[in-house]
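J.: Sequence:
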Amino acid sequence: LTRNMYQQFINEFSKTHSKETIRKLNGYIRSSLDDAVYEGLLPKNITYKVTFKGSNPPKDEQSKYINLVEYETLKKYFKSQNNRSSLALFIMICTGCRISGVLNMKYEYINQVKNELFIDERKNDVSPRTLTIAKDDMKHIIEMIEKLKLNTKGLLFNSFGTTLTINAVNKQLKQACK
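In my numbering, the protein residues as written are 1 to 178.
It is possible that some hints are incorrect.
EDC-like cross-link-like pairs, simulated, lysine to aspartate or glutamate; straight-line CA separation at most 20 angstroms [what the hints assert, rightly or not]:
id	residue 1	residue 2
1	Lys106	Asp137
2	Lys153	Asp136
3	Lys24	Glu61
4	Lys49	Glu12
5	Lys75	Glu143
6	Lys135	Asp35
7	Lys79	Asp137
8	Lys114	Glu143
9	Lys171	Glu70
10	Lys79	Asp136
11	Lys153	Glu116
12	Lys106	Glu143
13	Lys178	Glu70
14	Lys139	Asp125
15	Lys135	Glu108
16	Lys174	Glu108
17	Lys59	Glu70
18	Lys76	Asp136
19	Lys178	Glu72
20	Lys139	Glu116
21	Lys19	Glu61
22	Lys149	Glu108
23	Lys75	Asp137
24	Lys64	Glu20
25	Lys24	Asp35
26	Lys24	Asp34
27	Lys114	Glu146
28	Lys106	Glu146
29	Lys114	Asp137
30	Lys139	Asp34
31	Lys24	Glu72
32	Lys153	Glu143
33	Lys135	Glu146
The following label-pair restraints were derived from C-beta to C-beta distances [unchecked claim]:
id	residue 1	residue 2	range
34	Asp136	Ser55	43 to 49 angstroms
35	Asp60	Gly40	41 to 47 angstroms
36	Lys178	Asn11	34 to 40 angstroms
37	Ser127	Asn11	36 to 42 angstroms
Calculated directly from the structure, the hints in this document are not laboratory data.
C-beta: ideal position from N, C-alpha, C; glycine also.
Please put together the full structure from these sequences, using the hints given.
T.: Below is the structure:
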């Protein structure tokens with residue numbers, strides 16, 4: 001690869017993406033190539049002084065997030081569904097945790113008496129935390145665990161040797177958004 005080839009790649013990518021998306025992609029690639037240069041795998045970093053501008057306008061802040069009505073609608077929808085993906089999304093809505101926090105959840109992380117959930121997203125040292133949720137939300141979570149016969153000995157979302165996948169959760173979220 002040469003700097004010129006990389007610049008052409010960025011120019012092509014810029015035709016269909018925003019400046020922020022290009023900046024992030026370039027940053028990831030630059031960082032990886034810096035590591036390769038440091039390890040002696042490459043003589044130099046081809047991302048040096050590459051320029052870019054986006055063709056697509058960035059999304060406005062309001063369109064990046066859901067509003068309170070949408071939040072309540074999604075929560076109600078997931079509460080009405082009877083599947084593992086919907087329960088995972090319901091827990092994510094109640095706690096604000098990432099998918100990894102749900103997929104790493106164990107039955108022992110649930111304190112029904114205090115309405116608390118221990119979340120461990122395994123992202124960094126401060127990501128493990130205990131959160132208090134509404135009593136009704138806790139009741140729904142416990143009922144669904146029992147109804148779906150989720151694994152209460154190990155990971156909740158690993159039942160009968162089958163782990164809930166991110167793809168399944170995303171599919172359920174897309175269905176809900178429709």
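J.: Now tell me, hint by hint, if it's right for this structure.
T.: Consistency of the hints with the structure:
no.	hint	verdict
1	Lys106 to Asp137	17 angstroms, holds
2	Lys153 to Asp136	24 angstroms, violated
3	Lys24 to Glu61	17 angstroms, holds
4	Lys49 to Glu12	17 angstroms, holds
5	Lys75 to Glu143	16 angstroms, holds
6	Lys135 to Asp35	48 angstroms, violated
7	Lys79 to Asp137	9 angstroms, holds
8	Lys114 to Glu143	16 angstroms, holds
9	Lys171 to Glu70	18 angstroms, holds
10	Lys79 to Asp136	11 angstroms, holds
11	Lys153 to Glu116	18 angstroms, holds
12	Lys106 to Glu143	15 angstroms, holds
13	Lys178 to Glu70	12 angstroms, holds
14	Lys139 to Asp125	30 angstroms, violated
15	Lys135 to Glu108	18 angstroms, holds
16	Lys174 to Glu108	30 angstroms, violated
17	Lys59 to Glu70	18 angstroms, holds
18	Lys76 to Asp136	12 angstroms, holds
19	Lys178 to Glu72	15 angstroms, holds
20	Lys139 to Glu116	11 angstroms, holds
21	Lys19 to Glu61	15 angstroms, holds
22	Lys149 to Glu108	15 angstroms, holds
23	Lys75 to Asp137	10 angstroms, holds
24	Lys64 to Glu20	14 angstroms, holds
25	Lys24 to Asp35	17 angstroms, holds
26	Lys24 to Asp34	15 angstroms, holds
27	Lys114 to Glu146	19 angstroms, holds
28	Lys106 to Glu146	14 angstroms, holds
29	Lys114 to Asp137	12 angstroms, holds
30	Lys139 to Asp34	50 angstroms, violated
31	Lys24 to Glu72	32 angstroms, violated
32	Lys153 to Glu143	17 angstroms, holds
33	Lys135 to Glu146	17 angstroms, holds
34	Asp136 to Ser55: 43 to 49 angstroms	47 angstroms, holds
35	Asp60 to Gly40: 41 to 47 angstroms	45 angstroms, holds
36	Lys178 to Asn11: 34 to 40 angstroms	35 angstroms, holds
37	Ser127 to Asn11: 36 to 42 angstroms	38 angstroms, holds
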